[in-house]
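Make the full structure from the sequences, and use the hints.
Protein chains in written order, with the working numbering: chain A, -11 to 289; chain B, 19 to 270.
Please keep in mind that the hints were generated in silico from the structure rather than gathered at the bench.
Hints are supplied without guarantee of correctness; some may be wrong.
DSS-like, lysine-lysine: derived pairs with alpha carbons at most 25 Å apart [stated by the list, open to error]:
1. A:100 - B:36
2. B:22 - B:209
3. A:198 - A:134
4. A:168 - B:134
5. B:134 - A:284
6. B:147 - B:134
7. B:156 - B:209
8. B:228 - B:22
9. A:168 - A:60
10. B:135 - B:147
11. A:168 - A:134
12. B:36 - A:198
Here chain A is said to cover these stretches of chain B; the calculated rule only asks that three of the stretch's residues, wherever they fall, bring their Cβ under 8 Å from a Cβ of chain A [said to hold, decoys possible]:
13. 67 to 78
14. 89 to 103
15. 124 to 137
Just so it is clear, CB atoms sit at the ideal spot from N, CA and C, and this is done for glycine as well.
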Amino acid sequence: MKILGKNRGTNVPLSETVIELFIRLCGISSILFVFGIFFFVFREGADFLFGGLDLGQFLTSPEWYPTSLGNKRYGTLALILGTFSVTALAMLLAVPFGLGAAIFVSEFCSPKLRETFKIIIELLAAIPSVVWGFIGLTLMNQLIIKLFNAPIGLTMLNGSIMLALMSVPIIVSIAEDALKAVPDSYREAAEALGATRWQLIYRVLLPAAKNGLLAAVLLGAARSIGETMAVLMATGHSVNIPEGPLSWIRTLTATIAAELGEVARGGEHYQVLFIIGILLFTITFAVNLIADLVIKGIRKA
Amino acid sequence: MEKKKIEVSELRVRYGNKPALNGVSFDVYENEILGIIGPAQSGKTTLLKVINRTLELTRGTTVEGTVKLDGEDVHTITDVYGLRRRIGMVLPLPVGLPLSIYDNVAFAPRTAGPRKKSELDNIVERCLKQAALWDEVKDRLDSLGTKLSGGQQQRLTIARALSHQPEILCLDEFSIAVDPVTTMRIEEVLKTLRTEMTILLVTNLVQQAKRLANRTAFFLNGALVEIDATDVIFSDNPANQSTYDYVNGNFG
Ligand SMILES: Nc1ncnc2c1ncn2[C@@H]1O[C@H](COP(=O)(O)OP(=O)(O)O)[C@@H](O)[C@H]1O
Ligand SMILES: [Mg+2]
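As structure tokens, this is what we get:
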């Protein structure tokens, strides 16, 4: 019985064996779930993926006309660029802000203020994404129209700000943990060498915590890539190659969410939406893989 | 050994309400090694932290009395970072900063301002040689300081403490996590350094004070019980019975 682990003689109490079995099942099931989900998504899209879909067009054409009567076209380039541009802009806003806040909370706050801050940040994390979408749709929409004199405020910028607000709490809490995990002995050593607070931060704390900080950034990005509701509501949801922060765009996730309810089950369009799901899977997998490789590279250096 | 390098007078330190030093007065002479011995919790580390003013980084501490460095009260010095660089500090556990060996040693000079590469190269080589580590690491100065063995890291810490040509070198129980061979090597290093600087050697090994120190101070529960020539402290009749007991290991 491999699943019960090595033979450990006869004096292992039954309760321990049961607990061990349970924990192993939990571990194995989490792997099974991932494979199960992937299998399901893949199965729904497989027929069309291998029979009929022009993969080149799917990835490189900006023309997304899944419901055209005469000439259906399934090009996702605009959606891919939409997802990446809104995420990139969101990270541009969220990373400096999130890391800065994490440094402030862990290095400059009094213990009392730190607790208050953490509560506020947790509250921020608890806001459902549909509420962010609503804020984007109303408040931020008006603000962008006024500030930039834009015809419509539902833009990439709007979506990015919403995504940034959603990823900041993740970035702050993970980055703060990473900074807190730096041994105090490093601080003491650097301070005894005459380092100022800033020198301590950028010469010692940031290098020492870089793996955790990188994880914080990547998890923030993963949150942004996967987010659906807020970008659906805030970005204008219009298939469009983005040209700048004020372009209206559409993302891969929002496309699935908006269209899946409208399509005939099993049809071409339905299957394409699942293929987009596979694409999203691949993107997140690639992000995680890159993160792993980067972190391993850092460890070796 | 006439000139007074450090003058401590009526030094009282509290952490919150808890006293750590209760009115301590003594002098340290230039170019001597002053051994500081005493059981745990007697205030030895606190004393070192007052001298380089890192104690004020701990919340809720109060300091009364004065510590003078070359006649100047350290608490009136405005450039506290400059003050800290005048005092090399070696902590109990070896702390290689998560930087390359080179950057570890170049850390303090860089905090003081931009340096030329060649100047830093010289500093790094000089300090690693002084700390008897150069031969072991000269071919891998770019690798992480944290990857060195404990004994090597402690010598790296010493090299780092020397990087700013400190006037005073404080060592806080440096041998606590170091093997005996490395301890002996570091002791040899200290013997050669005494001509260049004043050394405060806090040690958990009384024999180490006996081997190295010109004078030795015995601390107990936040008080300075006795300070005298090392020969006297380790003789059969130091001024204080508890000194004799502690030094001879029948304490408690
Ligand atoms: N950061 C701190 N907070 C509160 N009390 C402390 C702190 N550091 C030291 N103390 C207390 O101060 C006293 C002296 O400690 P310390 O200077 O570390 O002694 P030693 O180095 O001789 O072991 C002890 O009673 C210790 O508990
Ligand atoms: Mg101590």
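Restraint check for residue 147 (chain B) with residue 134 (chain B), where alpha carbons must lie at most 25 Å apart | holds, 20 Å
Are residue 168 (chain A) and residue 134 (chain B) close enough, with their CA atoms no more than 25 Å apart?
-> This hinted pair is violated, its Cα atoms lying about 34 Å apart.
Coverage of the region 67 to 78 of chain B by chain A (three or more Cβ within 8 Å) | Three-residue rule met by the region 67 to 78 of chain B, so holds; n is 3.
Mind checking, does the region 89 to 103 of chain B have 3 or more residues with a CB under 8 Å from chain A?
-> Coverage by chain A holds for the region 89 to 103 of chain B (5 residues, Cβ < 8 Å).
Hinted pair residue 168 (chain A) and residue 60 (chain A), Cα distance within 25 Å | violated, 54 Å
Within 25 Å, alpha carbon to alpha carbon, are residue 168 (chain A) and residue 134 (chain A)?
-> Since the Cα atoms of residue 168 (chain A) and residue 134 (chain A) sit roughly 41 Å apart, the hinted pair is violated (cutoff 25 Å).
Quickly compare the C-alpha distance for residue 135 (chain B) and residue 147 (chain B) to 25 Å and report which way the hint goes.
-> Status holds; Cα separation ~18 Å.
Mind checking the alpha carbons of residue 22 (chain B) and residue 209 (chain B) for me, to see if they're no more than 25 Å apart?
-> holds, 20 Å
Agreement of residue 156 (chain B) and residue 209 (chain B) with the hint, judged by alpha carbon distance not exceeding 25 Å = Measuring from Cα to Cα gives roughly 23 Å; hence the hint holds.
Take a quick look at whether residue 228 (chain B) and residue 22 (chain B) sit within 25 Å of each other, Cα to Cα.
-> Given that 25 Å is the threshold and the Cα spacing comes to 22 Å, the pair holds.
Has the region 124 to 137 of chain B got at least three residues whose CB is nearer than 8 Å to a CB belonging to chain A?
-> Answer holds; 5 residues pass the 8 Å Cβ test.
Pairwise hint evaluation, residue 36 (chain B) against residue 100 (chain A), where the allowed Cα distance is 25 Å at most = Holds. Residue 100 (chain A) to residue 36 (chain B) sits at ~22 Å (cutoff 25 Å).
When the structure is compared with the earlier hints, violations turn up for hints 3, 4, 5, 9, 11, 12 and for no others.
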